[in-house]
Amino acid sequence: MRRRLAIVVMCVASLAASGRALAHHSFAAEFDENKPLKMTGTVTKVEWTNPHIWFFMDVKNPDGSVVNWGFEMASPSQLLRQGWKNNSMKIGDQVTVEAKGARDGSNHANAQNVTLNATGQRLFGGPPPGQQ
Amino acid sequence: MRICELTAWRRTMVALALVCGTGTTALAQWLSLPLPGTPRTADGKPNLNAPTPRSADGKPDLSGIWNAPNYDFVQHLPPVGTEPPMLPAAAALYKHRVDTLGYEVPMTYCMPHGVPDAMFVAAHPFKIIQTPGVTILLFEEFHKYRQVFTDGRKLPVDPDPAWYGYSIGRWEGDTFVVETAGFKEGSWLDNRGHPHTDALRTTERFHRTNFGTLELTVTVDDPKAYSQPWTSRNISLVLRPDTELLEHLCENNRDLERLKEAPKIGREQ
Chain X
1 MRRRLAIVVM CVASLAASGR ALAHHSFAAE FDENKPLKMT GTVTKVEWTN PHIWFFMDVK
61 NPDGSVVNWG FEMASPSQLL RQGWKNNSMK IGDQVTVEAK GARDGSNHAN AQNVTLNATG
121 QRLFGGPPPG QQ
Chain Y
1 MRICELTAWR RTMVALALVC GTGTTALAQW LSLPLPGTPR TADGKPNLNA PTPRSADGKP
61 DLSGIWNAPN YDFVQHLPPV GTEPPMLPAA AALYKHRVDT LGYEVPMTYC MPHGVPDAMF
121 VAAHPFKIIQ TPGVTILLFE EFHKYRQVFT DGRKLPVDPD PAWYGYSIGR WEGDTFVVET
181 AGFKEGSWLD NRGHPHTDAL RTTERFHRTN FGTLELTVTV DDPKAYSQPW TSRNISLVLR
241 PDTELLEHLC ENNRDLERLK EAPKIGREQ
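Just so you know, the sequences run in chain order X and Y.
Quick note on our numbering: the first sequence kicks off at 1 and runs consecutively.
Quick note on our numbering: the second sequence kicks off at 1 and runs consecutively.
Think of the hints as simulated: they come from the structure by calculation, not from any bench.
Incorrect hints may appear among the rest.
What the hints assert, rightly or not - Label pairs and their calculated CB-CB ranges:
#, chain 1, residue 1, chain 2, residue 2, range
1, X, Asn61, Y, Thr231, 51 to 57 Å
2, X, Gln121, Y, Ala50, 34 to 40 Å
3, Y, Thr175, X, Gln121, 22 to 28 Å
4, X, Gly92, Y, Arg153, 55 to 61 Å
5, Y, Thr203, X, Gly105, 58 to 64 Å
6, Y, Ile129, X, Pro36, 58 to 64 Å
7, X, Glu33, Y, Ala91, 53 to 59 Å
8, Y, Arg205, X, Gln94, 40 to 46 Å
9, X, Thr40, Y, Pro159, 55 to 61 Å
10, X, Asn68, Y, Val238, 57 to 63 Å
11, X, Asn68, Y, Pro79, 44 to 50 Å
12, X, Ile91, Y, Arg254, 33 to 39 Å
13, Y, Leu249, X, Asp63, 15 to 21 Å
Claimed, not checked - As a list, the in silico DSBU-like pairs of lysine-lysine whose alpha-carbon atoms are at most 35 Å apart:
#, chain 1, residue 1, chain 2, residue 2
14, Y, Lys224, Y, Lys260
15, X, Lys45, Y, Lys95
16, Y, Lys95, X, Lys35
17, Y, Lys154, X, Lys90
18, Y, Lys154, Y, Lys260
19, Y, Lys184, X, Lys45
20, X, Lys45, Y, Lys45
21, Y, Lys184, Y, Lys224
22, X, Lys85, Y, Lys184
23, X, Lys35, Y, Lys260
24, X, Lys85, Y, Lys224
25, Y, Lys45, Y, Lys95
26, Y, Lys184, Y, Lys45
27, Y, Lys224, X, Lys90
28, X, Lys85, Y, Lys95
For glycine and all other residues, C-beta sits at the position ideal for the given N, C-alpha and C.
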């Protein structure tokens, strides 16, 4: 397990060093790298699909209201190579996400790191922003 | 018939050996499996510095899974710090693409990268299969392919324009030279947005310098977009050993809706 995590961390480090790995569309046209977000919530839906994996989670606001957020990640092939599996994240999991927010101000973001709160395992969601 | 049976039996045994050697989980995903023909160091790891493999005719064998090491090449095809000599219409189109943050890149609409930038998408490797009459490029991104014919045929005259055009290849020493023409407009030469027209002709020059390195340049000749031919930056791709391509399609394009709003957002900046 420790070795697997080490491999994931190494892969993240190498990709982070190599720049943006979002393959499908222009990152800059949809997300703002100057809009860093970090939030914790409960996973409500996982779409393990191409060209991007999307997952959704309920986030509780300080006033008690709940908002559903959608997060884009890389493609299944990219995440499989980073150590994810299609069941790494399940509905009901508590996760903490570091992401870059959408330019249009909607509740969408591009996830870069995802931590599974139950195990503390930190998984790569997408590389740091830059040019695609 | 007996040869076929023998071949099938050997394939079965090889498959069984692979299952035993790598475990079923790894084999099921084909993410990590020892590929035959891979030179290895004493500890069993792929030796990417081994000499360039050669095919039966003595020419370098370009076969393998190749990957851009970063996004530099797909982002900007011309040499670093330079811009090619664009004619006014191409320059205006290029400026529009840069000003609008590249939101109209064909991928937004689930259309793939083209020639040459499909080879430079760092997130998705591509595979070269070199055979005596044709060299095939299989692109993981969007599950596409190109064929480079080496059987002596000429480029077609007045072909139906195609996204990837029509390609023929020849050897100049150890360099594989690929000429492509018959393009339709639509693809971008790179993510930055350098345009081309249907007059585009490309010349790609591939040189596998060792087992793990494939170097190339691309010359762009498009008299309707550029005042003179220009040659790309020097590009170097790396081999991804002991793995396979995975499927990548465009089945859930959730981004499209927000990307359509991008031109407004881009102008606000």
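*Would you pick out the hints that fail for this structure and give their numbers low to high?*
3, 5, 6, 7, 8, 10, 12, 13, 15, 17, 18, 19, 20, 22, 24, 25, 26, 27 and 28
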